[in-house]
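K.L.:
Based on the hints, put chain B in the right spot on chain A.
Line by line, the protein sequences give chains A and B. Each residue of the first sequence is one higher than the last, beginning at 1 in my numbering. Each residue of the second sequence is one higher than the last, beginning at 1 in my numbering.
In case anyone wonders, no lab produced these hints; they're calculated from the structure. Bear in mind that the values here come from a model prediction, so they are computed numbers and not experimental data. Please note that a few of the clues may not be correct.
Unchecked claim - Using 25 Å as the maximum straight-line C-alpha spacing, the simulated SDA-like pairs for lysine to any residue come out as follows: (1) K42(B) x G53(A); (2) K98(B) x G53(A); (3) K42(B) x L68(A); (4) K42(B) x D27(A); (5) K45(B) x V11(A); (6) K41(A) x Y51(B); (7) K2(B) x P40(A); (8) K98(B) x I12(A); (9) K108(B) x P40(A); (10) K98(B) x L112(A); (11) K108(B) x R111(A); (12) K20(A) x N65(B); (13) K41(A) x S49(B); (14) K2(B) x N65(B); (15) K45(B) x S90(A); (16) K42(B) x P40(A); (17) K45(B) x Q29(A); (18) K98(B) x Q42(A); (19) K98(B) x T17(A).
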Amino acid sequence: GAVVSQHPSWVICKSGTSVKIECRSLDFQATTMFWYRQFPKQSLMLMATSNEGSKATYEQGVEKDKFLINHASLTLSTLTVTSAHPEDSSFYICSASRPEGPEAFFGQGTRLTVV
Amino acid sequence: RKEVEQDPGPFNVPEGATVAFNCTYSNSASQSFFWYRQDCRKEPKLLMSVYSSGNEDGRFTAQLNRASQYISLLIRDSKLSDSATYLCVVSFTGGGNKLTFGTGTQLKVEL
Chain A
1 GAVVSQHPSW VICKSGTSVK IECRSLDFQA TTMFWYRQFP KQSLMLMATS
51 NEGSKATYEQ GVEKDKFLIN HASLTLSTLT VTSAHPEDSS FYICSASRPE
101 GPEAFFGQGT RLTVV
Chain B
1 RKEVEQDPGP FNVPEGATVA FNCTYSNSAS QSFFWYRQDC RKEPKLLMSV
51 YSSGNEDGRF TAQLNRASQY ISLLIRDSKL SDSATYLCVV SFTGGGNKLT
101 FGTGTQLKVE L
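So that you can see chain A by itself, here it is in the shape it has in the complex (with noise of 0.2 Å):
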């Protein structure tokens, strides 16, 4: 079964409504936690690595004021898309490692359209 539970699965919003996506790990805990989005046609993109208890680090490119991450416990990562405009449809998937190896566990993804 999954590991690594992503929610919600789709999203439609307005332009300029902010959006929350969650990211937890079912049966370990999660020091590390990565968050990529996927355009159409295009490869996984990192976007930020989300530590527990401290700040997330951000991929060169990715703004971090309209990126939100907060890793308040060790099994939940949220990614926060504020004033969400339509270039920001994608698909967001988040990602953790059990602490015994490096495969990455992947969450269901969740896509995101702003009209």
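P.N.:
Chain B in isolation, oriented as in the chain A frame:
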């Protein structure tokens, strides 16, 4: 140069064919290598890890060549259900399990 490079395809092959994909990576410090499969509009799922000695899982064989910095995936006796995008993924220990993805190679298996 991209950190992980793959031919995006698509590769159209008949059912039962054998098909191989290659992937090259630029970071010589890379230590972990994977092939993930991604179906349309779904999350990636681990297909297999890639070890230096090469490894096989049923119809799938993965090889790693550290000297040349490339990874390969061989699929024998292709099934229609193998149609998907295959992602080459690399990480290095110093990156804290951060994965770097190739753009993926699209495979279409046809009747």
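K.L.:
None of the hints should be skipped; say for each whether it holds.
P.N.:
Quick rundown of the hints versus the structure:
1. K42(B) x G53(A): Violated, because 30 Å separates the two Cα atoms, which is more than 25 Å.
2. K98(B) x G53(A): holds, 18 Å
3. K42(B) x L68(A): holds, 24 Å
4. K42(B) x D27(A): Within the cut-off at roughly 22 Å; holds.
5. K45(B) x V11(A): Since the Cα atoms of K45(B) and V11(A) sit roughly 22 Å apart, the hinted pair holds (cutoff 25 Å).
6. K41(A) x Y51(B): Violated, at about 28 Å.
7. K2(B) x P40(A): holds, 19 Å
8. K98(B) x I12(A): Given pair K98(B), I12(A) is violated - Cα atoms ~29 Å apart, limit 25 Å.
9. K108(B) x P40(A): holds, 17 Å
10. K98(B) x L112(A): Holds, because 24 Å separates the two Cα atoms, which is no more than 25 Å.
11. K108(B) x R111(A): holds, 24 Å
12. K20(A) x N65(B): Distance of about 42 Å is beyond 25 Å: violated.
13. K41(A) x S49(B): holds, 24 Å
14. K2(B) x N65(B): Holds, at about 18 Å.
15. K45(B) x S90(A): Holds: K45(B) and S90(A) sit about 19 Å apart, inside 25 Å.
16. K42(B) x P40(A): holds, 12 Å
17. K45(B) x Q29(A): Status holds; Cα separation ~20 Å.
18. K98(B) x Q42(A): holds, 19 Å
19. K98(B) x T17(A): Answer violated: K98(B) to T17(A) is near 30 Å, above 25 Å.
Comparing the model with each earlier hint shows violations of hints 1, 6, 8, 12 and 19; every other hint is respected.
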